[in-house]
Each structure stands twice: as structure tokens, then as C-alpha cells.
Amino acid sequence: METTSRVGADGAPSTVTAEGVPATRRTVDGYLKAPFPWYGLDEAFTGPRWLMHVTAAADDTVQHGSTGHGEEPVVRADAGAEKARFAVVVTVGNSPVRHSDDGTGVLDATTVSSAAWLAGSGLLDCTWPPQMDHTLRGEWLNQQIETAFELADDLGREPWSTLSLPVDGVPVDFHYRESEFGWVLAGSAPEGVHIGAYGRGMSAYGLGFAVIGDIASYENENEDADRNGAEGVTGHVNPDESDSRS
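Residue numbers for the sequence shown follow my numbering, beginning at 129 and rising by one.
Don't take each hint at face value.
Stated by the list, open to error - Between beta-carbon pairs, the in silico distance windows are:
hint, residue 1, residue 2, range
1, Asp187, Pro294, 31 to 37 Å
2, Gly297, Gln259, 26 to 32 Å
3, Gln259, Ala237, 40 to 46 Å
The hints are simulated quantities; they were obtained by calculation from the structure and are not laboratory data. We put the beta carbon where it would ideally sit given N, CA and C, even for glycine.
Make the full structure from the sequences, and use the hints.
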């Protein structure tokens with residue numbers, strides 16, 4: 129299962145490796161360089177949509193990236209902070225086994241496990257347990273991300289189950305799990321890419337995925353959100369359904 133470092137959507141390097149919450153607004157430039165289609169929630173979701181970031185190799189080839197839906201999460205240590213209702217979709221390009229950029233090793237092919245790990249680490253990256261300071265949260269995050277990696281490497285066992293959801297209108301079986309922090313799922317799309325997703329406050333059971341026809345529309349919604357704030361979440365998801373059943 130391959131892991132890579134992250135770059136911003138505009139191509140700027142980042143030292144963060146998990147699929148998490150970027151600190152600034154993103155632009156569409158990095159997304160337009162991808163050799164694969166981007167996925168998001170289908171048209172039944174009518175809430176806010178926003179760009180997150182893309183990851184590229186040393187040769188600037190885009191490898192994966194994320195798009196957000198709903199209320200943009202804010203990482204807080206305040207126990208009384210309200211949980212945002214959101215779903216993030218991670219699109220992972222289909223890459224074969226290949227040599228590393230520095231020529232010193234071999235990178236595994238991307239698989240559904242790659243999408244599962246990116247989604248699992250992304251959920252953790254936007255989670256801050258109550259009563260935990262910065263130092264403890266950093267240690268906790270490292271431990272939890274390692275656990276997410278191990279879980280993604282064995283999708284055939286608990287806590288994973290199977291959830292069938294539409295991708296471009298075609299039912300696809302996803303690997304799905306829940307925790308006290310939210311839910312994570314991963315599967316493969318007919319377009320030859322792998323899809324990961326994570327969220328909380330919105331049920332995964334009513335979601336559908338589709339190729340994003342115009343990725344620039346997500347950038348436009350970013351700008352609208354800056355001016356007006358999120359208008360709420362609608363569509364065929366149930367924002368009131370609990371995600372904490374594990």
C-alpha cells in the first residue's frame with residue numbers, strides 16, 4: 129500500500145502526510161493536472177462543496193486528492209465545540225508498481241487499501257478529542273494513524289463490513305467501518321480509480337458518488353462560502369443519524 133507526502137492544490141509543498149483539513153482556501157490548478165477524473169458526491173447532494181488538496185509525485189504527476197461536502201470541519205480542542213456535518217471524497221489514481229522518485233526503492237501499486245488509509249487518516253486529522261492538549265494530541269494522532277494504516281491493510285476483517293453505494297449510477301461494494309470519530313469507506317470506481325471517503329454528522333448509507341463534471345465549480349463554491357458562510361446541508365443524506373455505532 130503506497131503512501132506519499134501531500135502538496136497543496138496550487139502545487140505548493142506541504143509537510144503533512146494525512147488527508148486532513150488545510151489551513152487556507154484552495155485553488156483548482158492542481159486538480160486540473162490530474163490524469164484521472166475526480167469524484168465527489170452525486171447531484172442528490174445539494175449542500176456546499178469545496179476543494180481540499182491534491183498530492184503529486186516529484187515529477188509533478190498528481191496521485192490523489194480530496195473534495196469536501198457539507199460544513200467544512202474545524203479542528204478544535206474545545207469539548208463543547210459543535211461537530212461539523214461533512215463528507216470528504218478522496219480520489220486515488222490507479223498507479224502500477226514502479227520505482228520511487230529517488231530510484232532507491234519500489235513503490236507498491238495503488239489499491240483500495242490506499243484509499244482506505246488516506247480516508248482513515250483524513251478523518252483523524254480533523255479530529256481533536258476533548259481535554260487533550262497539543263502535545264498529547266500529536267502523540268494520539270500518530271498512534272491512531274498507525275492503527276488506520278493497519279486496518280486499511282486488512283479490509284477483509286472486522287471492523288470492516290460491506291456497503292453498496294452507487295458510483296455513476298452503478299451499485300459498487302465498498303469496505304465500510306465506523307468509530308467514535310465518524311465513518312470511513314473505500315472502493316473502486318468503473319473509471320479505474322479508487323475512491324475513499326470519510327465524514328461525520330452525515331450518514332454514509334444514503335451517499336452516491338459521481339465524476340465531477342467541472343472541478344472548477346468546487347472552487348467557485350469556496351469563494352461563495354468565504355463571502356456568505358455555509359448555508360446548510362441538504363440532499364439524500366441524513367445529518368441527524370449517529371455515526372458512533374461501533
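message = Hint by hint, where does the structure go against what was stated? Just the numbers, ascending.
response = 2
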